[in-house]
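*Asks:* Quick note, the sequences are listed as chains Z and L, same order.
The opening residue of the first sequence carries number 28 in our numbering; numbering runs sequentially from there.
The opening residue of the second sequence carries number 513 in our numbering; numbering runs sequentially from there.
It is possible that some hints are incorrect.
[Said to hold, decoys possible] In silico lysine-lysine, DSSO-like type, Cα no more than 30 Å apart, as pairs:
| # | chain 1 | residue 1 | chain 2 | residue 2 |
| --- | --- | --- | --- | --- |
| 1 | Z | Lys79 | Z | Lys30 |
| 2 | Z | Lys96 | L | Lys556 |
| 3 | Z | Lys30 | Z | Lys96 |
| 4 | L | Lys556 | Z | Lys81 |
| 5 | L | Lys563 | L | Lys574 |
| 6 | Z | Lys126 | Z | Lys79 |
| 7 | Z | Lys81 | Z | Lys96 |
| 8 | Z | Lys30 | L | Lys574 |
| 9 | L | Lys539 | L | Lys583 |
| 10 | L | Lys583 | Z | Lys126 |
| 11 | L | Lys556 | L | Lys539 |
| 12 | Z | Lys96 | Z | Lys126 |
| 13 | L | Lys539 | Z | Lys126 |
| 14 | L | Lys583 | L | Lys556 |
| 15 | L | Lys556 | Z | Lys30 |
| 16 | L | Lys556 | L | Lys574 |
| 17 | Z | Lys126 | L | Lys556 |
| 18 | Z | Lys81 | Z | Lys138 |
| 19 | L | Lys563 | L | Lys539 |
| 20 | L | Lys563 | L | Lys583 |
| 21 | Z | Lys79 | L | Lys556 |
| 22 | L | Lys574 | Z | Lys126 |
| 23 | Z | Lys30 | Z | Lys126 |
| 24 | L | Lys574 | Z | Lys96 |
| 25 | Z | Lys96 | Z | Lys79 |
| 26 | Z | Lys30 | Z | Lys81 |
| 27 | Z | Lys126 | Z | Lys81 |
Because the hints were derived from the structure by calculation, they are not lab data.
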Amino acid sequence: LAKTTQPISMDSYEGQEVNITCSHNNIATNDYITWYQQFPSQGPRFIIQGYKTKVTNEVASLFIPADRKSSTLSLPRVSLSDTAVYYCLVGDPYNQGGKLIFGQGTELSVKP
Amino acid sequence: NAGVMQNPRHLVRRRGQEARLRCSPMKGHSHVYWYRQLPEEGLKFMVYLQKENIIDESGMPKERFSAEFPKEGPSILRIQQVVRGDSAAYFCASSPEGTGKNSPLHFGNGTRLTVT
Numbered sequence: 028l029a030k031t032t033q034p035i036s037m038d039s040y041e042g043q044e045v046n047i048t049c050s051h052n053n054i055a056t057n058d059y060i061t062w063y064q065q066f067p068s069q070g071p072r073f074i075i076q077g078y079k080t081k082v083t084n085e086v087a088s089l090f091i092p093a094d095r096k097s098s099t100l101s102l103p104r105v106s107l108s109d110t111a112v113y114y115c116l117v118g119d120p121y122n123q124g125g126k127l128i129f130g131q132g133t134e135l136s137v138k139p
Numbered sequence: 513n514a515g516v517m518q519n520p521r522h523l524v525r526r527r528g529q530e531a532r533l534r535c536s537p538m539k540g541h542s543h544v545y546w547y548r549q550l551p552e553e554g555l556k557f558m559v560y561l562q563k564e565n566i567i568d569e570s571g572m573p574k575e576r577f578s579a580e581f582p583k584e585g586p587s588i589l590r591i592q593q594v595v596r597g598d599s600a601a602y603f604c605a606s607s608p609e610g611t612g613k614n615s616p617l618h619f620g621n622g623t624r625l626t627v628t
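Here chain L stands alone, though its shape is the one from the complex (with noise of 0.2 Å):
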């Protein structure tokens, strides 16, 4: 049973491009989280998602940043405009059915973003 998949591991992107995230959750499971970790910080959270659905966002910053997880194929981090700021390790995690006891967050191994 494959983790939790993220491509690519490692992306650069040029100051005001686009970079696009992709993560696959885990078999079975329909939610879906986005962590961010700057350099020698902790991990922030930034989303989280259900099957077509935004269910918090209130960690993502509120322009250039969007999120989806479509009905069919992975969820997408997308940042339009990079800056050096973003460059920073994101993380994808999944769930089967939301947290709770025994329900830990199931994370995949990041992508690595710089920004040039």
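The following block holds chain Z by itself, in its conformation from the complex (with noise of 0.2 Å):
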């Protein structure tokens, strides 16, 4: 499995657009990319997947360039309640049987 390498941590301020850029040199050609957010005290929430170029959704937009070698998570406009987690994987959603490789993360943390 694809191994990623993202921030550890971001600041941000209300009002902003945060990109949250995740490294994966290793991708391979039936991986997908999917985010996470995980809150303090509970569970990961599965934001956005893709493949290739942009996909967009009512919560972010993930950018994916031709060489998938990397791929960038938008969240527009940030609020104090997008304080959190987020988790960029990499993996074949057919064959991976649910055993997601969850990394470090990058911990937004976003101000007044």
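Both chains are given apart, each in its own frame, so use the hints to dock them into the complex.
*Replies:* Dropping the structure here:
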């Protein structure tokens, strides 16, 4: 399974756009990129998943360049409630059998 | 539609006692996964179960830990003779038919085990 590298922490202010980049140089052809969000004392929550180019939902956007060796999670106009740890995961969702590999994640702190 | 339910939320055990953690998957989900999160670390996969079957237990310690998902009732993660190093948050997740594109895992809010 591809290893991911992302910043340990980031700071932002309310109303700003936040971009969290994840490196995955060894991504395989069948791998998808998935982001989860985890609040303190809660389980992770699925945010978004993509394979290439751009994916957008009501919560975030995911930008994936052509070489797929990195990806960027974009959170528009963050609020205090977006303070959480964000995990980037890479793998083949059809063959992982639920064995997701969570790294250290990026601890996002949103300030007023 | 209730999410993944785990209980208890907090569990305190003395060294040597047994800990039983329960997980009820989302309605309609027949696949259950257990993860462990040690303090200041990411989540680590432990075991993947379907009804009455263990599919993958490669992340589970060989001794003292066991898991089951019976035909009726919740999935149980059992830790015998707990030690201080077992103190962690244990998360359960479920999915309808195994993982796949657009089929993310749904996690519960965990059981925080403290061994004194």
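*Asks:* Now look at each hint and say whether the structure bears it out.
*Replies:* The hints, checked one at a time:
no.	hint	result
1	Z:Lys79 - Z:Lys30	18 Å, holds
2	Z:Lys96 - L:Lys556	24 Å, holds
3	Z:Lys30 - Z:Lys96	11 Å, holds
4	L:Lys556 - Z:Lys81	29 Å, holds
5	L:Lys563 - L:Lys574	21 Å, holds
6	Z:Lys126 - Z:Lys79	22 Å, holds
7	Z:Lys81 - Z:Lys96	14 Å, holds
8	Z:Lys30 - L:Lys574	25 Å, holds
9	L:Lys539 - L:Lys583	14 Å, holds
10	L:Lys583 - Z:Lys126	23 Å, holds
11	L:Lys556 - L:Lys539	25 Å, holds
12	Z:Lys96 - Z:Lys126	21 Å, holds
13	L:Lys539 - Z:Lys126	21 Å, holds
14	L:Lys583 - L:Lys556	26 Å, holds
15	L:Lys556 - Z:Lys30	14 Å, holds
16	L:Lys556 - L:Lys574	15 Å, holds
17	Z:Lys126 - L:Lys556	9 Å, holds
18	Z:Lys81 - Z:Lys138	28 Å, holds
19	L:Lys563 - L:Lys539	13 Å, holds
20	L:Lys563 - L:Lys583	6 Å, holds
21	Z:Lys79 - L:Lys556	27 Å, holds
22	L:Lys574 - Z:Lys126	17 Å, holds
23	Z:Lys30 - Z:Lys126	14 Å, holds
24	L:Lys574 - Z:Lys96	36 Å, violated
25	Z:Lys96 - Z:Lys79	10 Å, holds
26	Z:Lys30 - Z:Lys81	21 Å, holds
27	Z:Lys126 - Z:Lys81	25 Å, holds
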